[in-house]
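Participant: All chains, full assembly: derive it from the sequences and hints.
Protein chains: 2
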Amino acid sequence: MTGIEWIVEAHGCDPQSLAEMPRLQQLFADMVREIGLRPVGEAQWHQFPASPQSQQPGGITGLCLLAESHLAVHTFPEHGSLCLNLFCCKPRPQWDFGKYIKKHFAAQTVNVRQLERDYATASGLKVFAKAGGR
Amino acid sequence: MTGIEWIVEAHGCDPQSLAEMPRLQQLFADMVREIGLRPVGEAQWHQFPASPQSQQPGGITGLCLLAESHLAVHTFPEHGSLCLNLFCCKPRPQWDFGKYIKKHFAAQTVNVRQLERDYATASGLKVFAKAGGR
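Read top to bottom, the protein sequences are chains A and B. Quick note on our numbering: the first sequence kicks off at 6 and runs consecutively. Quick note on our numbering: the second sequence kicks off at 6 and runs consecutively.
Keep in mind that the hints were calculated from the coordinates and are not lab data. Since the model is a prediction, treat every value here as computed from it, not as a measurement. Hints are not guaranteed to be accurate.
Stated by the list, open to error - With a Cα cut of at most 20 Å, we get these calculated SDA-like pairs of lysine to any residue:
hint: 1; chain 1: A; residue 1: Lys95; chain 2: B; residue 2: Lys108
hint: 2; chain 1: B; residue 1: Lys107; chain 2: A; residue 2: Thr126
hint: 3; chain 1: A; residue 1: Lys107; chain 2: B; residue 2: Ala125
hint: 4; chain 1: B; residue 1: Lys95; chain 2: A; residue 2: Ala125
hint: 5; chain 1: A; residue 1: Lys108; chain 2: A; residue 2: Glu39
hint: 6; chain 1: B; residue 1: Lys95; chain 2: A; residue 2: Gln61
hint: 7; chain 1: A; residue 1: Lys95; chain 2: B; residue 2: His51
hint: 8; chain 1: A; residue 1: Lys95; chain 2: B; residue 2: Gly63
hint: 9; chain 1: B; residue 1: Lys95; chain 2: A; residue 2: Phe53
hint: 10; chain 1: B; residue 1: Lys108; chain 2: B; residue 2: Glu39
hint: 11; chain 1: B; residue 1: Lys95; chain 2: A; residue 2: Gln58
hint: 12; chain 1: B; residue 1: Lys107; chain 2: A; residue 2: Ala125
hint: 13; chain 1: A; residue 1: Lys95; chain 2: B; residue 2: Phe33
hint: 14; chain 1: A; residue 1: Lys107; chain 2: B; residue 2: Gly63
hint: 15; chain 1: B; residue 1: Lys107; chain 2: B; residue 2: Pro54
hint: 16; chain 1: B; residue 1: Lys95; chain 2: A; residue 2: Pro57
hint: 17; chain 1: A; residue 1: Lys95; chain 2: B; residue 2: Gly41
hint: 18; chain 1: B; residue 1: Lys107; chain 2: B; residue 2: Asp35
hint: 19; chain 1: B; residue 1: Lys95; chain 2: A; residue 2: Gly63
hint: 20; chain 1: B; residue 1: Lys95; chain 2: A; residue 2: Ala55
hint: 21; chain 1: A; residue 1: Lys95; chain 2: B; residue 2: Pro54
hint: 22; chain 1: A; residue 1: Lys95; chain 2: B; residue 2: Ala55
hint: 23; chain 1: B; residue 1: Lys95; chain 2: A; residue 2: Thr126
hint: 24; chain 1: B; residue 1: Lys95; chain 2: A; residue 2: Glu39
hint: 25; chain 1: B; residue 1: Lys95; chain 2: A; residue 2: Lys108
hint: 26; chain 1: A; residue 1: Lys95; chain 2: B; residue 2: Gln52
hint: 27; chain 1: B; residue 1: Lys95; chain 2: B; residue 2: Ser22
hint: 28; chain 1: A; residue 1: Lys107; chain 2: B; residue 2: Asp123
hint: 29; chain 1: A; residue 1: Lys95; chain 2: B; residue 2: Gln61
hint: 30; chain 1: B; residue 1: Lys104; chain 2: B; residue 2: Pro62
hint: 31; chain 1: B; residue 1: Lys108; chain 2: B; residue 2: Asp35
hint: 32; chain 1: B; residue 1: Lys108; chain 2: B; residue 2: Glu25
hint: 33; chain 1: B; residue 1: Lys107; chain 2: B; residue 2: Gln21
hint: 34; chain 1: A; residue 1: Lys95; chain 2: B; residue 2: Gln58
hint: 35; chain 1: B; residue 1: Lys107; chain 2: A; residue 2: Asp123
hint: 36; chain 1: B; residue 1: Lys104; chain 2: B; residue 2: Pro57
hint: 37; chain 1: B; residue 1: Lys108; chain 2: B; residue 2: Phe33
hint: 38; chain 1: A; residue 1: Lys95; chain 2: B; residue 2: Met26
hint: 39; chain 1: B; residue 1: Lys95; chain 2: A; residue 2: His51
hint: 40; chain 1: B; residue 1: Lys104; chain 2: B; residue 2: Ser22
Facilitator: Here you go:
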């Protein structure tokens, strides 16, 4: 049996949006609803303090334990970037990460990689698709 | 700036060991100490119920929010497998995932992939190394 991990990097985002906790929490809520994920317990959130060298607010990390595996997000307002992981050990419909992140975080580019996570047969080694344009 | 994500799959593990919460918690504790990670808050753990079709106990998921990004583990006793992610947004020393997982979970094979997670310059697309043998 093969799981899939979506590994997403978004760049050129609006830095303020990357520091807004409710906006990040809404991302998780929308993914859970639209992809049909099943959280196991509450998501964990942390906002880091702003770097003294940076004019930008501190980034946010969120983790959510799913019946399907996990969901993780990290934002870097100082770089205008966001990193997202979704690991599903069972098949799930494709979700348009690029469209969502461009709309809600004003990303200029969104890269989506899909990795096989083969947890049953020890053959899950390749990165089999790069989806989503810059 | 480029982060690294280590993506690990171990197969042929001892199923009982994959269902022992203290053993999984020790994995995180050892990684934190040996790699020099800095957890932000307590790790979150969940043990799934055993599948009625399986003779094996239920798998365990653990997530830990780090100052460096995150650490995630999922075990599948019914498949004798374990999946681990460590995302570090700053350079960290290499850690011998294979040696540890073979020793503590009796894995027969451990595959380690390293992915660049480029959160600053939008160029982090390649899987640049496959380390650890089967």
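Participant: For every hint, state whether the structure bears it out.
Facilitator: For each hint, the structure was consulted:
1. Restraint check for lysine 95(A) and lysine 108(B): not satisfied, since their Cα atoms lie roughly 29 Å apart, outside the 20 Å limit.
2. In summary, the hint linking lysine 107(B) to threonine 126(A) is supported, as the alpha carbons are separated by about 17 Å, within the 20 Å threshold.
3. Note on lysine 107(A) and alanine 125(B): the hinted pairing holds, with a Cα-Cα distance of about 17 Å set against a maximum of 20 Å.
4. At most 20 Å may separate the alpha-carbon atoms for a hinted pair to count; lysine 95(B) and alanine 125(A) exceed this at roughly 31 Å.
5. A C-alpha spacing of about 16 Å is found between lysine 108(A) and glutamate 39(A), which places the hinted pair at or below 20 Å, so the restraint holds.
6. The straight-line distance between the Cα atoms of lysine 95(B) and glutamine 61(A) is roughly 19 Å, inside the 20 Å bound, and the hint therefore holds.
7. As the CA atoms of lysine 95(A) and histidine 51(B) are separated by approximately 18 Å, the hinted pair is consistent with the 20 Å bound.
8. At most 20 Å may separate the alpha-carbon atoms for a hinted pair to count; lysine 95(A) and glycine 63(B) meet this at roughly 16 Å.
9. For a cut-off of 20 Å, the pair hint linking lysine 95(B) to phenylalanine 53(A) stands: about 15 Å separates their Cα positions.
10. Under the criterion of a C-alpha separation no larger than 20 Å, the hint pairing lysine 108(B) with glutamate 39(B) is consistent with the structure, at around 16 Å.
11. In summary, the hint linking lysine 95(B) to glutamine 58(A) is supported, as the alpha carbons are separated by about 17 Å, within the 20 Å threshold.
12. Proximity of lysine 107(B) to alanine 125(A) is assessed by CA-CA distance (about 17 Å); at most 20 Å being required, the pair is judged to hold.
13. For the proposed pair lysine 95(A) and phenylalanine 33(B), the alpha carbon gap of about 25 Å is over 20 Å, so the pair is violated.
14. For the proposed pair lysine 107(A) and glycine 63(B), the alpha carbon gap of about 39 Å is over 20 Å, so the pair is violated.
15. Simply put, lysine 107(B) and proline 54(B) have alpha-carbon atoms about 25 Å apart, too far for the 20 Å limit, and the pair is violated.
16. With a C-alpha separation of about 18 Å, the suggested pairing of lysine 95(B) with proline 57(A) holds against the 20 Å cut-off.
17. Taking the CA atoms of lysine 95(A) and glycine 41(B), the gap is near 33 Å; set against the 20 Å cutoff, the hint is violated.
18. For the hint linking lysine 107(B) to aspartate 35(B), the alpha-carbon distance of about 14 Å falls within 20 Å, and the restraint holds.
19. Between lysine 95(B) and glycine 63(A) the CA atoms are separated by roughly 16 Å; this keeps the pair inside 20 Å, and the hint holds.
20. The straight-line distance between the Cα atoms of lysine 95(B) and alanine 55(A) is roughly 17 Å, inside the 20 Å bound, and the hint therefore holds.
21. For the suggested pair lysine 95(A) and proline 54(B), the alpha carbons sit about 17 Å apart, so the restraint of at most 20 Å is met.
22. For the hint linking lysine 95(A) to alanine 55(B), the alpha-carbon distance of about 17 Å falls within 20 Å, and the restraint holds.
23. At roughly 32 Å between alpha-carbon atoms, lysine 95(B) and threonine 126(A) are farther apart than 20 Å, so this suggested pair is violated.
24. Between lysine 95(B) and glutamate 39(A) the CA atoms are separated by roughly 33 Å; this puts the pair beyond 20 Å, and the hint is violated.
25. At most 20 Å may separate the alpha-carbon atoms for a hinted pair to count; lysine 95(B) and lysine 108(A) exceed this at roughly 29 Å.
26. Taking the CA atoms of lysine 95(A) and glutamine 52(B), the gap is about 17 Å. The hint holds against a cut of 20 Å.
27. At roughly 31 Å between alpha-carbon atoms, lysine 95(B) and serine 22(B) are farther apart than 20 Å, so this suggested pair is violated.
28. Restraint check for lysine 107(A) and aspartate 123(B): the C-alpha separation of about 18 Å stays at or below 20 Å, so the hint holds.
29. Taking the CA atoms of lysine 95(A) and glutamine 61(B), the gap is near 19 Å; set against the 20 Å cutoff, the hint holds.
30. For the proposed pair lysine 104(B) and proline 62(B), the alpha carbon gap of about 25 Å is over 20 Å, so the pair is violated.
31. Our distance criterion of 20 Å between C-alpha atoms is met by lysine 108(B) and aspartate 35(B), whose separation comes to about 13 Å.
32. For a cut-off of 20 Å, the pair hint linking lysine 108(B) to glutamate 25(B) stands: about 15 Å separates their Cα positions.
33. This hinted pair checks out: lysine 107(B) and glutamine 21(B) have alpha carbons roughly 14 Å apart, not beyond 20 Å.
34. Restraint check: the Cα-Cα separation between lysine 95(A) and glutamine 58(B) comes to about 17 Å, which is no more than 20 Å; the hinted pair holds.
35. This hinted pair checks out: lysine 107(B) and aspartate 123(A) have alpha carbons roughly 18 Å apart, not beyond 20 Å.
36. Annotation: proposed proximity of lysine 104(B) to proline 57(B) is violated, straight-line Cα distance about 33 Å (limit 20 Å).
37. Restraint check for lysine 108(B) and phenylalanine 33(B): the C-alpha separation of about 15 Å stays at or below 20 Å, so the hint holds.
38. Distance hint between lysine 95(A) and methionine 26(B) is unfulfilled; the C-alpha atoms sit about 23 Å from each other, more than 20 Å.
39. Annotation: proposed proximity of lysine 95(B) to histidine 51(A) holds, straight-line Cα distance about 18 Å (limit 20 Å).
40. Among the hinted pairs, lysine 104(B) with serine 22(B) is consistent with the structure: their alpha-carbon atoms are about 16 Å apart, no more than 20 Å.
Hints 1, 4, 13, 14, 15, 17, 23, 24, 25, 27, 30, 36 and 38 from the earlier list are contradicted by this structure; the remaining hints agree with it.
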